[in-house]
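These are the residues of each chain, in order.
There are 2 protein chains.
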Amino acid sequence: MENELISTEKIEELIDGKKIKDIRHIFEVVPTIDIAEACDDIEDKKKIVFIFKTVKSEYTADLFTELSPDTKEEIIQMMSDDQLADILESQFTDDLVDDLEDLPANLVTRVLKNVSKERRATINRLLNYKENTAGSIMTTEFLILLNTLSADEAIKQIRKTGKGKETIYTLFIMDNKRNLVGTLDLDDLIFADGETKISEIMNRDFVTTTVNEDQEEVANLIKRYDLNAIAVMNNDNRLVGLITVDDIVDVIEQEATEDMSKMAGVAPLENSYLDTNVFKMALKCAPWLICLLILGTFSSMILSKFENALGALPILVPFVTVLMDTGGNAGGQTTTLMVRGLAVQEFSPKDYLKILWKEMRVALITGIIVAIFACGWFLLEMYIGIISFNGAEISATGAALEGGELFLARFKVAGLVSLTLFLGIMVAKFVGTSLPMLVAGLKKDPALISSPFVTTIVDVCSLLIYLGFAYIVFGQILPSL
Amino acid sequence: MENELISTEKIEELIDGKKIKDIRHIFEVVPTIDIAEACDDIEDKKKIVFIFKTVKSEYTADLFTELSPDTKEEIIQMMSDDQLADILESQFTDDLVDDLEDLPANLVTRVLKNVSKERRATINRLLNYKENTAGSIMTTEFLILLNTLSADEAIKQIRKTGKGKETIYTLFIMDNKRNLVGTLDLDDLIFADGETKISEIMNRDFVTTTVNEDQEEVANLIKRYDLNAIAVMNNDNRLVGLITVDDIVDVIEQEATEDMSKMAGVAPLENSYLDTNVFKMALKCAPWLICLLILGTFSSMILSKFENALGALPILVPFVTVLMDTGGNAGGQTTTLMVRGLAVQEFSPKDYLKILWKEMRVALITGIIVAIFACGWFLLEMYIGIISFNGAEISATGAALEGGELFLARFKVAGLVSLTLFLGIMVAKFVGTSLPMLVAGLKKDPALISSPFVTTIVDVCSLLIYLGFAYIVFGQILPSL
Chain A
209 MENELISTEK IEELIDGKKI KDIRHIFEVV PTIDIAEACD DIEDKKKIVF IFKTVKSEYT
269 ADLFTELSPD TKEEIIQMMS DDQLADILES QFTDDLVDDL EDLPANLVTR VLKNVSKERR
329 ATINRLLNYK ENTAGSIMTT EFLILLNTLS ADEAIKQIRK TGKGKETIYT LFIMDNKRNL
389 VGTLDLDDLI FADGETKISE IMNRDFVTTT VNEDQEEVAN LIKRYDLNAI AVMNNDNRLV
449 GLITVDDIVD VIEQEATEDM SKMAGVAPLE NSYLDTNVFK MALKCAPWLI CLLILGTFSS
509 MILSKFENAL GALPILVPFV TVLMDTGGNA GGQTTTLMVR GLAVQEFSPK DYLKILWKEM
569 RVALITGIIV AIFACGWFLL EMYIGIISFN GAEISATGAA LEGGELFLAR FKVAGLVSLT
629 LFLGIMVAKF VGTSLPMLVA GLKKDPALIS SPFVTTIVDV CSLLIYLGFA YIVFGQILPS
689 L
Chain B
209 MENELISTEK IEELIDGKKI KDIRHIFEVV PTIDIAEACD DIEDKKKIVF IFKTVKSEYT
269 ADLFTELSPD TKEEIIQMMS DDQLADILES QFTDDLVDDL EDLPANLVTR VLKNVSKERR
329 ATINRLLNYK ENTAGSIMTT EFLILLNTLS ADEAIKQIRK TGKGKETIYT LFIMDNKRNL
389 VGTLDLDDLI FADGETKISE IMNRDFVTTT VNEDQEEVAN LIKRYDLNAI AVMNNDNRLV
449 GLITVDDIVD VIEQEATEDM SKMAGVAPLE NSYLDTNVFK MALKCAPWLI CLLILGTFSS
509 MILSKFENAL GALPILVPFV TVLMDTGGNA GGQTTTLMVR GLAVQEFSPK DYLKILWKEM
569 RVALITGIIV AIFACGWFLL EMYIGIISFN GAEISATGAA LEGGELFLAR FKVAGLVSLT
629 LFLGIMVAKF VGTSLPMLVA GLKKDPALIS SPFVTTIVDV CSLLIYLGFA YIVFGQILPS
689 L
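Chains as they are written, first to last, in the numbering used here: chain A, 209 to 689; chain B, 209 to 689.
These are computed hints drawn from the structure, not numbers from a lab.
Each statement offered as a hint is correct.
The list cannot tell twin chains apart, which means a pair is met if one copy fits it or any two copies do.
Within a straight-line C-alpha distance of at most 30 Å, the following computed DSS-like cross-link-like pairs (lysine-lysine) qualify: (1) Lys488 with Lys558; (2) Lys261 with Lys218; (3) Lys405 with Lys371; (4) Lys566 with Lys255; (5) Lys562 with Lys280; (6) Lys280 with Lys558; (7) Lys405 with Lys264; (8) Lys431 with Lys488; (9) Lys254 with Lys558; (10) Lys651 with Lys218; (11) Lys566 with Lys218.
Keep in mind the model is a prediction, meaning the values are calculated, not measured.
Build out the structure end to end from the sequences listed, making use of the hints.
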């Protein structure tokens, strides 16, 4: 993202020139994240500390939140306790908790030393929730109203106590026993007559989530019910936090990234790509490659067992890669559609038979189209010599075939491969539908284990079908096992 | 999603029993989307029309929005013009436009006949924006305030004119020449002193987008700047609409789904998976399989050209699949990380060299780990006979080798394959980084064309490296080309 109003050079220039007024002005007219990115690229981080000294903490708290983890770390080390306490005071608790998760232990201690005792307790509680649960992303700065208030009284109370809360757009309504009885959208409150009791205008059909719920489920709830914020309840069914839609935007993106990574065989990164170091990155990639390599043993084993057949009819070899690629690709298509459909809850394992019936018909049509095309294409490949096959291996005399006999021999090969392709696609779509559904039915993440298994199963099936057909068609010239 | 308060059976029962009061009650306590899903499964859609007759249109407009396209279609056909006009009146324009995009032409005409003339003009304009642009997802129901108002006056005006607007949480502030000069968050307005001029509390560092901007870019802006809503300007830099964060939630999910589909070789679906019919689905899958099959020709060609070498040393064949799989997998890992990083704008093609340097170091470490493991694994495979190789092909006498000589021969094979794996991973990560960056640099979507090309290039390179090394190591026994 470029912003013509700000650049690393410009901000360095202003700091070097101690142009305090200009720096303050920049915070008025430039979004904080653009300033933060410009600051991240400043070599001498001491210069950034100057900004924290001169600009109001209401702005710098935001700036601090938006800085990269590395910059944050350096700055905390250079700040005095007072400066630090000042920034931390203005930060939202959930942002602060996010920061703490990235910091080294000694800095965490220093940060915790510089927040109020009450807040420290909250932070410690939030830090204890398992990663990727509702508890770990919720904020505790929410506003509660009593259901007996009138609209005017409610607005008055919001004005008095709402400042510094994460959101006032969704308000939580309690009865006098502190049970959550409804939610209220601020706009309904604004439009309501001043005398109306809020219990009359609140939504009684609200949904809630619990601290241990997976963040992806929370995202699905917020999306499904088009919520601005959702209440998070603890195990005693007490309101302990809230999650807003803008937190969820990040969750949705992060979950999609994770699913894509998993399906491509990269273990999910804890931090962003750029913040993950080379060695860690390699450790995210290598294990999966090794695992897939081990699974690949099955294909190698089959090819080795049929070594004599492949040696007697070498034309079979060049098509092995095409067969395995197409099977893998067809399986990958279906697996991806399944994993994604399950992730966004378009369907669930209960719909298995319905989906399977659909995919098998898709496979039938896809298989026929691909097989017919492939048959023509393979004939063409042999005709123009991309793949050389003159039929000598299968002729009775051992000499190259010609004319109709050659065409028939080539047609047999092309037909054999195409038929295998067709069946391979059927198997691929069957396994590609069934395996993710099975894994999801067992309450595991289908993104994690489906793709390589689908490919492996399909590979083995395709090879066995291929070589089996080869024996049927060319049995007389192939040596037995 | 299950909801214990509602089910298809229950709602049918209420309709059959004409329990009007109970039906109305359900709308009070159950989220509309849950009612809509229960209704979607009712066989006799006439029953649903009964709901529209008995429940307030303020609720049924929402219900209508949430019904599946098929149900909508049937219901429109069964409704009288008056009923239809009633529902349409209460629907947001952007939801209505979404619906129209799914309906057959004759129903679109009927719907347009039943909305007010002014609204029809807006709808037609919105329908004209290209799909997936800001214009196509924006709403025109926004609220403008004059910058000279005081906070109290602003709130008064919102109460008077704000009802039925898409959002009042972000307000757009104009000067008297109708230029957009700022945005104002409702909470800042609520907390402000009544006398304060809104020009003093509005955000002057706001960002805007334009009608023709890609929706993914809009999503990135909203996410980056943590916005509740963003102003959409036309080509004359006039405010014509707004997009809210909850619209963006859908966009982010949809774009992630599209990217995943594209990378798996499925053309993006226009509708959801369940709403796409079997034949259309096959047409989304088949072309890509054919395209990949054609690209696979290069590998077949190489294998065919080296037919004699593979025949003379058949132990080379079983490892072909492992080499190609691992190359494809390693390339897929990097391609996915690149495509995703580019999509969420974590980096851009300008960062190419930095990223390439990182990935090459990752490749080096990954390659070494995988190659060392693979070498041991392949030796094991040959030792326990999963892959049979007794060295007869390479012995001077033609007899099986034994003892140290056999181990050396096997080590040569395993080393040859492992070295190829290592180099294949290097090539894969190089191509996997470079190609998506190149495509993105040319302003095309890297998700669309990267994966198959990366795999094809890597396959060809791996095979050439493999057979090249085979000639170096076993040259004396391999026939020349």
